[in-house]
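For the sequence shown, the numbering used here assigns the number 1460 to the initial residue and increments by one for each residue that follows.
Don't read these hints as lab results, they were simulated from the structure. Check the hints yourself; a few may be wrong.
Cβ pair distances, simulated, as ranges [what the hints assert, rightly or not]:
| hint | residue 1 | residue 2 | range |
| --- | --- | --- | --- |
| 1 | GLU1540 | MET1514 | 39 to 47 Å |
| 2 | ILE1465 | PRO1545 | 44 to 52 Å |
| 3 | ARG1541 | PHE1513 | 16 to 24 Å |
| 4 | THR1533 | PRO1478 | 38 to 46 Å |
| 5 | LEU1529 | PHE1464 | 14 to 22 Å |
| 6 | THR1533 | LEU1471 | 37 to 45 Å |
| 7 | THR1525 | VAL1481 | 37 to 45 Å |
| 8 | CYS1539 | ILE1494 | 13 to 21 Å |
Backbone N, C-alpha and C define an ideal beta-carbon position, used for all residues, glycine too.
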Amino acid sequence: MRKYFIDNLRWLDILMLIPYHVAMAWNTWDEPNYIRFRSSRPAASLIVFLSPFFMPLLFLLAGTSTCYALKKRTPAQYICERASSPYSSLSYVNLNDPMEKGRVDISEYANSRFIACFWSL
């Protein structure tokens, strides 16, 4: 039986991520960010308030969901089910991203038509 409270906590937690990441543009501790605005104490307070909650809650919910899933299926079935989902291939691409590992120099793409077109929007 599906536990709807877990689903509700998960989407509420993911909704908390949106104001958290938006507020990072106004942080007061000069942490580098993609977009930087002048410092704002209310935005920084929002970041400090939300920081201890959202990631630990996501890990807790993932563990709880796994616990409930393993009550209905064997570990082998669970692993096969997770490995066959489309998200497993996305996580593989994410973990093996050549730009993250420093194997690709972004300056190679400096004259790319795509990047020029993308940044001119």
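Could you tell me which of the hints above the structure violates, numbers in ascending order? 1, 2, 6, 7, 8
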